[in-house]
Amino acid sequence: MRLFSRRHFIGQAAALALAGAFTLPAMATELKTGRPISIVVPYGSGGTYDTFSRILAKGMSDYLKHPVIVENKPGANGVIGATYVAQAAPDGHTLLMGGTGPVSLNIMLRKSLRYNFDSFDSVSLLFDGPLSIAVPTKLGFKSLQDVIDHSKKTGTPVNYATLGPGSVTHLYGLLLGDTLGIKTEPVAYKGEAPSFIDFIAGLTTLSFSNPNSLNEYVKSGEVDILALSTPERVPSFPNIPTIGELGYPQLVSSFWGSMHAPKGTPPDLLKKLSDATMYAAKQPEFVDMLTKGGLRPLGESPERLDAQMASDREVWGKIIKDNNIVLD
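Heads up: the sequence shown is residues 1 to 328, going by my numbering.
If you are wondering where the hints come from, they were derived from the structure by calculation, not from laboratory data. Every residue gets a Cβ at the ideal spot worked out from N, C-alpha and C, and that includes glycine. Fair warning: there could be bad hints in the mix.
Label pairs and their calculated CB-CB ranges [as the list claims (entries may be wrong)]:
hint	residue 1	residue 2	range
1	118	284	12 to 22 Å
2	293	250	19 to 29 Å
3	145	67	53 to 63 Å
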C-alpha cells in the first residue's frame, strides 16, 4: 500500500482547488461573434438622439469590426430605456445613449426609479450644448442687467418658459433667480414650438432654449439672445457673450449627451467600448452634425463623464432639494 505524506496531500488538494478555480465561469471580456452591440435610445425613432446614435453606431462598428445597431425604447422621459439598460447583462452588448435627463435629473427627481447613479458604468461624454438667456425683442430689454433692474424696481417675478417640471430649463431658471437675487416663475409647455409662440408674443420674459432653436427668430428680429451659458463663446454665435463674461460664473451650465454601459462591465471590455465610442464621436460626420446643431463635440473619457455627473449632483441636486421638486 502506497502511503501519502501530509505534505503531498495538501499539495494535491491545493492543485485541485486551483484547477477548480480556473474552471469557474468567468465574466466574458470579449464581444460574442455574431451578436451585435445594441445602443438603446430612450426616445422615439427619427429624433435627435436617434440620429446621433445611428451615426455613432457606424463609427463604432468600423472601429470594432463588430456590428452595432440602434434600438429605440421610448417612454417616461427616458426612464424606460434607461431602466432596460440598467438591468441588462454587463457583457458589452447593451449600451445606453444617455444624457442630462435619463441618467442625471431623473435619478434626482424620481424616487421610484429602478436604477440610480450606481447602475451604470461611464463610457464617454459625447457632447454638450449651451442654454440661451434670451428675451423677446418687443419687451425692450437690451441686457440681462435690464431684466434684473426691471424685476427689482417693479417687484414682479420674471417668468420663463420651461419644458416641464424638472427639466433643465426649469432648474436653470431657479438657479438664475437665486444667483441674480430676483424671483423667477416657471411656465411649463409640452414642447419648444408652443413655448416659442407665447415667448415671441412677450407672454414670457425669458427662454433658455438651445440658441440654434431660436436662431430664425433672432434673424427675424423677434428675439435677442443676451448671453449663453457655456464657459467659452460658441463658434456659431461668436458675438454673443457668455454668462461668465457678464460676471456670473456660477451660471455656467449645459445639457449633455453620453454613452453608458450596465454596471459591472469588465474593465477591458469597457475600455474597448469607450475607445470605440470616442473614435466614433470624433469622426467628421458626427462632429459636423453637432456643430451645425449648435452643440459642442467632445468625445471625452469615462472619467470626464463621471466628473460631469458629479457636478450635476452638486448643482442641480441643491436646486432640486432647496425647491422640494419631486416628480413621483
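Hints, verified against the model:
1. 118 x 284: 12 to 22 Å: violated, 36 Å
2. 293 x 250: 19 to 29 Å: holds, 26 Å
3. 145 x 67: 53 to 63 Å: For residue 145 and residue 67 the Cβ distance comes to about 55 Å; the hint holds.
Of the hints listed earlier, the one the structure fails to meet is number 1.
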